[in-house]
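Working from the sequences, and respecting the hints, build out all of it.
Going down the list, the sequences are from chains A and B. Residues 1 to 99 (this note's numbering) are what the first sequence spells out, left to right. Residues 1 to 234 (this note's numbering) are what the second sequence spells out, left to right.
Think of the hints as simulated: they come from the structure by calculation, not from any bench. Among the hints, a few may not be true.
Which chain A residues face chain B? A few, computed with CB under 8 Å, are given here [to be verified]:
#	residue
1	LEU47
2	ILE54
3	SER61
Even glycine gets a Cβ: it sits at the ideal position worked out from N, Cα and C.
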Amino acid sequence: MLVTTAEIESVVLDAVRNLNLARPADAQMDASPEAPLFGPDSPLDSLGLVSLLIDIEEALSDRGFDVTLGDAKAMSRSASPFRSVPVLVAYIHNSLSTT
Amino acid sequence: MTDVRHILITGASRGIGAHLVRHYLAQDAAVIGCARGAPPLEHERYAHVQVDITDEAAIQAMFADIRRRVGRLDVLINNAGIAAMNPVALTPGASARDVMSTNFLGTFFMTRAAVRLLRHSKAGRIVNFTSVAAPFRLEGEAVYAASKSAVETFTRIVAREVSPFGITCNAVGPSPIKTRLTAGVPPATIERLIARQAIPRWADLDDVTNVVDFFLQPASAMITGQIVYLGGAG
Numbered sequence: 001m002l003v004t005t006a007e008i009e010s011v012v013l014d015a016v017r018n019l020n021l022a023r024p025a026d027a028q029m030d031a032s033p034e035a036p037l038f039g040p041d042s043p044l045d046s047l048g049l050v051s052l053l054i055d056i057e058e059a060l061s062d063r064g065f066d067v068t069l070g071d072a073k074a075m076s077r078s079a080s081p082f083r084s085v086p087v088l089v090a091y092i093h094n095s096l097s098t099t
Numbered sequence: 001m002t003d004v005r006h007i008l009i010t011g012a013s014r015g016i017g018a019h020l021v022r023h024y025l026a027q028d029a030a031v032i033g034c035a036r037g038a039p040p041l042e043h044e045r046y047a048h049v050q051v052d053i054t055d056e057a058a059i060q061a062m063f064a065d066i067r068r069r070v071g072r073l074d075v076l077i078n079n080a081g082i083a084a085m086n087p088v089a090l091t092p093g094a095s096a097r098d099v100m101s102t103n104f105l106g107t108f109f110m111t112r113a114a115v116r117l118l119r120h121s122k123a124g125r126i127v128n129f130t131s132v133a134a135p136f137r138l139e140g141e142a143v144y145a146a147s148k149s150a151v152e153t154f155t156r157i158v159a160r161e162v163s164p165f166g167i168t169c170n171a172v173g174p175s176p177i178k179t180r181l182t183a184g185v186p187p188a189t190i191e192r193l194i195a196r197q198a199i200p201r202w203a204d205l206d207d208v209t210n211v212v213d214f215f216l217q218p219a220s221a222m223i224t225g226q227i228v229y230l231g232g233a234g
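Following this line, the structure appears as structure tokens:
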């Protein structure tokens, strides 16, 4: 079973929208396909990133795709795979394609 | 049903774990027990999962099932543990690996998975199990005590990482209790250990329950990263 980038993008954006439900009005995340996620252009802190990655992992698991997003390589990369929606989507797609 | 506290207890088949199962069922909690062995009882609010906590994939599958069927968790009690008494020079590698796997890695696998559900609880609680063997630096228990020292450091750091989710993480360190874990220890060794305690007597199961109850109280929301030993050890 293969997962498309469109499906992954849908999961990621749903997770961002879900995260926004618990965030104050002045700290809402941009839930668009080109949005920044984690870094200077985003209000997401490290705790928020952990919550977001957990939600994405669980949503993918519910669809039958098991992926670990916070592995040591991802966390230590100088160019974070979590910096924007399209980069994260590509990272997840690549992870699922190589497992 | 939403007010029912959902508690997951490892090592639930016997000893302290089985006692905790009975204790929290009597307090109207919904309890999931897991162990390699059989369930300690049958009860309408008790579900048992036969699983080896050192099996990472099996633990992930168990939590995926809990998430789908129950959808919540309020308390994780990492009680499961094994001991191996042996001088270091005579300890087989396989024995050391088993002790570290069950006592530390098992606690880690369970905690990592549980945090995902506990973060949705109003008062998430993690209670780990250490032992007076760690602060007493007992000869003949180097690997066991080291595994419990790992649990203690893990407890203190997890407490910091999960506090933004409203979860506390603490550990209880029982002094000797008459369970299967201590049954294989020579009586003279146990007596020497007990003599070093500020309160030099055997503990009983309710002494442990009392500390766990304290960590689980809603009023204990400011208690985290703490290690409480029975008998005044440490």
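Results of checking the hints against the structure:
no., hint, in the structure
1, LEU47, "holds (5 Å)"
2, ILE54, "holds (5 Å)"
3, SER61, "holds (6 Å)"
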